[in-house]
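A.B. asks: Here is how the chains run, residue by residue.
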Amino acid sequence: MTDAAPAIAVRGLGCRFGEIRAVEDVSFEVSPGELFGLVGPDGAGKTTLLRMLAGVLRPDGGDAQLYGVSVVRDPEGVKHEIAYMPQRFGLYTDLTVMENLDFYADLYGVPQAERRARLERLFHFSNLAPFGDRLAGALSGGMKQKLALSCALIHLPKILLLDEPTFGVDPISRRDLWLIVHEMVEEGVTAVVSTAYLDEAERFDRVALLHGGRVLALDTPARLQRGLSGEVLVIEVEAPRAARDLLVDHPKVRRVTLFGDKLHVTVASVASDGPAIERVLRDAGLSVHRAHKAEASLEDVFIERLAG
Amino acid sequence: MARKEAIQLRRDTRSLILAFLLPVLLLVIFGYAISWDVRDIRTAVLNQDQSAHARELLDAFRASGYFTFRSDLARAQEIGPLLDGVGVQLVLVIPPDFSARLNAGRPAALQAIVDGSDANTATIILAYTRAIVLSYSLDAQLQGARVNPPVTLESRVWYNEELLSRNMIVPGLVAVIMMIVAAMLTSLTIAREWERGTMEQLAATPVARAEVVLGKLLPYLGIGLVDVVVSAVLGVWIFDVPFRGNVLLFMGLSAFFLTGALGLGVVISALARSQLLATQIAMIVTFLPAYLLSGFMYAISVMPAPLQLLTYLIPARYFIVVTRGLFLKGVGPEALWLQGLLMIVFAALGLGLAIRSFRKELG
Chain Z
0 MTDAAPAIAV RGLGCRFGEI RAVEDVSFEV SPGELFGLVG PDGAGKTTLL RMLAGVLRPD
60 GGDAQLYGVS VVRDPEGVKH EIAYMPQRFG LYTDLTVMEN LDFYADLYGV PQAERRARLE
120 RLFHFSNLAP FGDRLAGALS GGMKQKLALS CALIHLPKIL LLDEPTFGVD PISRRDLWLI
180 VHEMVEEGVT AVVSTAYLDE AERFDRVALL HGGRVLALDT PARLQRGLSG EVLVIEVEAP
240 RAARDLLVDH PKVRRVTLFG DKLHVTVASV ASDGPAIERV LRDAGLSVHR AHKAEASLED
300 VFIERLAG
Chain A
0 MARKEAIQLR RDTRSLILAF LLPVLLLVIF GYAISWDVRD IRTAVLNQDQ SAHARELLDA
60 FRASGYFTFR SDLARAQEIG PLLDGVGVQL VLVIPPDFSA RLNAGRPAAL QAIVDGSDAN
120 TATIILAYTR AIVLSYSLDA QLQGARVNPP VTLESRVWYN EELLSRNMIV PGLVAVIMMI
180 VAAMLTSLTI AREWERGTME QLAATPVARA EVVLGKLLPY LGIGLVDVVV SAVLGVWIFD
240 VPFRGNVLLF MGLSAFFLTG ALGLGVVISA LARSQLLATQ IAMIVTFLPA YLLSGFMYAI
300 SVMPAPLQLL TYLIPARYFI VVTRGLFLKG VGPEALWLQG LLMIVFAALG LGLAIRSFRK
360 ELG
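Quick note, the sequences are listed as chains Z and A, same order. Here numbering that gives the first Met the number 0 is used: the first residue of the first sequence is 0, the next is one more, and so on. Here numbering that gives the first Met the number 0 is used: the first residue of the second sequence is 0, the next is one more, and so on.
Across the chosen pairs, the derived CB separations fall in these ranges:
(1) 224/A - 201/Z: 57 to 65 Å
(2) 347/A - 169/Z: 47 to 55 Å
(3) 270/A - 177/Z: 37 to 45 Å
(4) 351/A - 108/Z: 20 to 28 Å
DSBU-like, lysine-lysine: derived pairs with alpha carbons at most 35 Å apart:
(5) 359/A - 3/A
(6) 251/Z - 292/Z
(7) 157/Z - 359/A
(8) 157/Z - 3/A
(9) 261/Z - 292/Z
(10) 251/Z - 261/Z
Calculated from the structure, these hints are not laboratory results. Glycine included, C-beta positions come from ideal geometry on N, C-alpha and C.
Using the sequences and the hints, build the whole thing.
C.D. replies: Next comes the structure, spelled out in structure tokens:
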């Protein structure tokens, strides 16, 4: 943590819907200019948490302050400084791209004189300029998300709250979206972004792993990976499913997970346990194409944390 | 906000058609369908006398213009089946001794059998029948001699000289239609934002609640006022209803009334959060009271006391006084100041409740 006052300070935040505790006693701080990730499976509480930070959902307990403004006491005050992009496309499909942008510029009170320059900048990233007169409903999924992000950014917010911005978005639009986010963070904007894609989590400065409404772990991606107990042996083998079943009860194997057609086997030390494990597979008549030590990915970390 | 809503509205052809067609449709349907004027009473005659007197009496009926003769019956047994159907509303029975008794200077009887399943119509038919028989017997008694009756009644009906019920219905209808259309139109708008998921994004902006509500109301107020003009013009044009009042006063009071009704629509919309539910609630809370309890269909003075009290809460009740006053009586502000004041109260109340009920919060 830096010495500066945090951009976002979450303390004991909770929210329940009936019996379900969507978010429970969550606390963390985000520094100004940080790119902060909320990672977790569906139902982990990412959306609920972001909604509370955006001031559109009243927390049942705890508080969150965005640059010193409390979402509990002054939810409207929070909204001037943030850009919130909900998971579900929230723009007007029966308005054109330009009309949507103008509408949000009006809502945020962006002066006419400044609009041109801002739009040009946003168009520069989003490549939406040629589609200005198209109805938002007629855009592709990726372009819709870029438009939503552009609308959210029209007022130069200090804090970006993005709920799964890349969900269901094609790779090129996804790259554009991240480009915009990184650009904003470079300029000192604080961003909290949720994602269910673990491969995206490595982009973040720090990541909070969420599960069942609670924070399981919170650190930089690198330290989370290092914090994984043991080492990961990646094995490419024929019949990976059969191989997994063989290894799952092996005394030296702490965990075995199938990623595509590769096995990630967590052991205490690849150097000392690796050969024994390969032997088990060969003895069973499975040919091992390749076996090597790998950096633990966030997926490995996440699965370990969930299991632990 | 208002501009965005206006653009959306312009693109939403279905809503637009609904907004302009619904009042026209309601006006035409109700304007033609509702009438308390009884004309062309379908009449059958069982004439057992076949005398000159009987013919004279029947001619008097025919000449009045209110009766059309459908059939002559031969036997009394035919009466029952005839009234069971819908072909005949009135059967006149002239007994065999009708002219004989008249000639002998004794009272003669005429029997009128009326289909009473529609009590209102039956009452009116009997009244007409009585009037014709009365004037006929007066003539018969005087045998054509001219005398000056000691008292004559010269009646003059003000504001609706011909006592046409549509002159009373159409102005009331304008009020009822405004209530329904206004509440219906806005009941959709906020529910639509919830349904399409645009509310979450909107709620995350610093826009003020009042701004959202006003922005949503303004375009619909415009449409509502156009609807007012359209229905008033149609009323005057198709139904020949006079418009004697001040147009500006009419538009001004309509604007306040519309604002209240539109605000009510927003309240419903904010509570229901689904377009289907919102329209249904709007229909129930506006149409039924405005239709039944506003004095539009049924005179308030004949309702039971508790219902009469309830009618004071129905804004359409006051607006109907306004429309009838302006259409038929041509009265000015001096007669409508109370109603005008109540319209303003209704507008303020509708608007205030609308802003209070609208929340920028999910869940």
